[in-house]
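Sequences listed follow chains A and B, in order. The opening position of the first sequence corresponds to residue 989 in the working numbering, with each subsequent residue numbered one higher. The opening position of the second sequence corresponds to residue 931 in the working numbering, with each subsequent residue numbered one higher.
Computed list of lysine-lysine pairs in DSS-like fashion (alpha-carbon distance at most 30 Å, straight line): (1) 1103(B) to 1004(B); (2) 997(A) to 1004(B); (3) 1232(A) to 1004(B); (4) 1004(B) to 1001(A); (5) 997(A) to 1040(B); (6) 1001(A) to 1058(B); (7) 1252(B) to 1106(B); (8) 1005(B) to 1110(B); (9) 997(A) to 1058(B); (10) 1068(A) to 1058(B); (11) 1201(B) to 1256(B); (12) 1040(B) to 1004(B); (13) 1041(B) to 1058(B); (14) 949(B) to 1232(A); (15) 1005(B) to 997(A); (16) 1068(A) to 1005(B); (17) 1041(B) to 997(A); (18) 1068(A) to 949(B); (19) 1001(A) to 1041(B); (20) 1005(B) to 1001(A); (21) 1001(A) to 1040(B); (22) 1232(A) to 1005(B); (23) 1068(A) to 1004(B).
Part of the chain A face toward chain B, derived, beta carbon under 8 Å: (24) 990; (25) 991; (26) 1002; (27) 1005; (28) 1006; (29) 1070; (30) 1071; (31) 1079; (32) 1234.
So the derived label-pair ranges between C-beta atoms look like this: (33) 987(B) to 1071(A): 21 to 31 Å; (34) 1213(B) to 1071(A): 35 to 45 Å; (35) 1040(B) to 1117(A): 43 to 53 Å; (36) 994(B) to 1160(A): 36 to 46 Å; (37) 1066(A) to 1062(B): 11 to 21 Å; (38) 1066(A) to 1033(B): 24 to 34 Å; (39) 1103(B) to 1021(A): 56 to 66 Å; (40) 987(B) to 1219(A): 33 to 43 Å.
Since the hints were made in silico from the structure, they are not lab data. As the structure is a prediction and not an experimental result, all values here were calculated from the model. For every residue, glycine included, the Cβ atom is placed at its ideal position computed from N, Cα and C.
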Amino acid sequence: MRIIWNIAKREFKANFNSPLAYVVICLSMVLLGIFFFTVWGGGFWQADRATLAQMFLWAPRGLAMVVVPVTTMRLLAEEKRSGTLEMLITLPVRDHEVILGKFLGAWALVLVLVASTALYPIMMFWKPWNLGALDTGPVFSGYLGIILFTGAAVAIGLLISALTESQVIAFFVTWVVLLALTFLGFGIDQVGNPMTRTVLSYVSFDARLAPFARGMINTRDIVFFVSVTFGCLMGSFWALERRKWA
Amino acid sequence: MIEASSLSKRYGAFRALDKVSFEVHRGEVVGFLGPNGAGKSTTMRILTCFISASGGTARVHGHDVFDQPLEVRKKIGYLPQRASLYGEMSVWEYLSFVADMRGLDHGVFKKRMRDIVEVCGIGQVLGKDIRTLSHGFRQRVGLGQALVHNPPILILDEPTSDLDPNEKAEVIKYIKEIGKERTILLSTHNLAEVEAACPRAIIVSKGRVVADGPLDEIRTKSGRVRYVVTVDEQRTFDGGVELRKGSKKAAPTAQEVQDALSALSGVSHFKELPTDDRAHSFEFLGAPGTDARHDIFQLCVQKGWYMLELRREARSLEDVFKALTKGDERLDRGRKVVVEDDEDEAEEDAAEDEADDEEAEDEEGDEGEEDGADDQGEEEAEDKAKAGDKSPSGKKD
Chain A
989 MRIIWNIAKR EFKANFNSPL AYVVICLSMV LLGIFFFTVW GGGFWQADRA
1039 TLAQMFLWAP RGLAMVVVPV TTMRLLAEEK RSGTLEMLIT LPVRDHEVIL
1089 GKFLGAWALV LVLVASTALY PIMMFWKPWN LGALDTGPVF SGYLGIILFT
1139 GAAVAIGLLI SALTESQVIA FFVTWVVLLA LTFLGFGIDQ VGNPMTRTVL
1189 SYVSFDARLA PFARGMINTR DIVFFVSVTF GCLMGSFWAL ERRKWA
Chain B
931 MIEASSLSKR YGAFRALDKV SFEVHRGEVV GFLGPNGAGK STTMRILTCF
981 ISASGGTARV HGHDVFDQPL EVRKKIGYLP QRASLYGEMS VWEYLSFVAD
1031 MRGLDHGVFK KRMRDIVEVC GIGQVLGKDI RTLSHGFRQR VGLGQALVHN
1081 PPILILDEPT SDLDPNEKAE VIKYIKEIGK ERTILLSTHN LAEVEAACPR
1131 AIIVSKGRVV ADGPLDEIRT KSGRVRYVVT VDEQRTFDGG VELRKGSKKA
1181 APTAQEVQDA LSALSGVSHF KELPTDDRAH SFEFLGAPGT DARHDIFQLC
1231 VQKGWYMLEL RREARSLEDV FKALTKGDER LDRGRKVVVE DDEDEAEEDA
1281 AEDEADDEEA EDEEGDEGEE DGADDQGEEE AEDKAKAGDK SPSGKKD
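All chains, please: the whole structure from these sequences, using the hints.
Structure (structure tokens):
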């Protein structure tokens, strides 16, 4: 556990040694603000209700398309390219400790960003502005959904980073995969074939997150995200182990 | 402390290591030599449990590298080629991180740091970010992280690559310093460094050990001895036997000196050396196991030549290295691939022997024509056979 903690701590702190983390956090907050208050489907003001549903709709999309690919692209790809992985792995560490440490370090950064969105409910519905009585149930379940979703997304990014030595490739592949998984559920109701609709709703992150935003905590959705996370971490472990036998 | 036994590593059809065996004992500083691509780094990566071997076994400090990788890693300090460090961390943060990873108590770490700062000379850069350091200092920090837990074994993979000559000399000085109380396996292709820091060397070529032993032994095992003779080209002395006989001998020409020297038994490979003095200087090789100095001295006295210099030395390590690893740059791993089973191998060897016998019978009649066709090649092969008697091929299995 000590090893995992050390690796995670180093990974987390490394993000703040460059402007990258600051830029990503600031940019994400600005974009989330724009989408929350104005853009498609009616902004917060048009809803005319004390709800954060709009935030729980757009936050995962922003996380999937910008934050997670940027955060995870360098996790193992850069370590492999620069040779620091050899230095790290020849310390008395197990491969799964490296994977878990990297995962937790990156996930922690994403969660910092997620936590910063708590400013919205706090400032809008408590102090300094009290725009109405907020139903806190969907807020908590919405955050639970985002936490589970980011875990799965970071694990996917880590797996892709473990499979390549190029940060750029890791970024684009992660971006494409998360984009596909997020928007698979877009317009799912228009799909005629029930079988296809079932499959799409099963793997779509958007479809899985929708109940959380409405205040419904569905065990199947939790198991889905945890399974994706666990599966990708296992995949990352195997990808790291592959060096031994290559 | 380090035992490698028949280590093999294949990357697809390419054999990076082919049954490499050696031992490094407690307190030894051993140079691990070989040209680029000879298998040095692969061996070290196996010993540090970074990669696995395709065959064979290895033990470090009594622990098996395959079954007990954590125990092995606890006992070794490893500096990979081109020490790659986390550039965004300061030197102190980085070394502290390594100490944490190795489970060192903070107090112990601080105490160790006093030694490391002194030995590695990193006191002035402790607070600096690693990315701002020169290669030399990064290498020192890399050395520092290898020493942070005071390991009994150090494995250093080309610690001086990319360094300028001054930095190289300093790193070698540090290695000598820390090698007084540790077992060190030092990989390099810089022979001067090995001669400066290591009493013993292992030479690998094409994934095989071709020489293993003390440096003097390796030089001697190459067989040939190098002589340098310099005689005055302007003056002769009266005591010369030939002059006493009455023959008026003028000052010797280069050709005369060479002819006279080459008439001595067992000498070959003459080369005239440039000299500032008014002298003839020759370098040549003597036969293995002989000492031609008496004959050379006698010859000069007989001829009435003033001998200005007579030097006899074993061939330099560089010469031996070149002879043993010649052709390695082609990375020719033309050997048959994938021989997993010992029985299959034995059958294959037997089949090859039979084929060789048949070939020999066929060629018996033509032998005369081929004799001496490639003296130099034979010589190199002979050198290799002598020096490489610890190679797998040279072993009496």
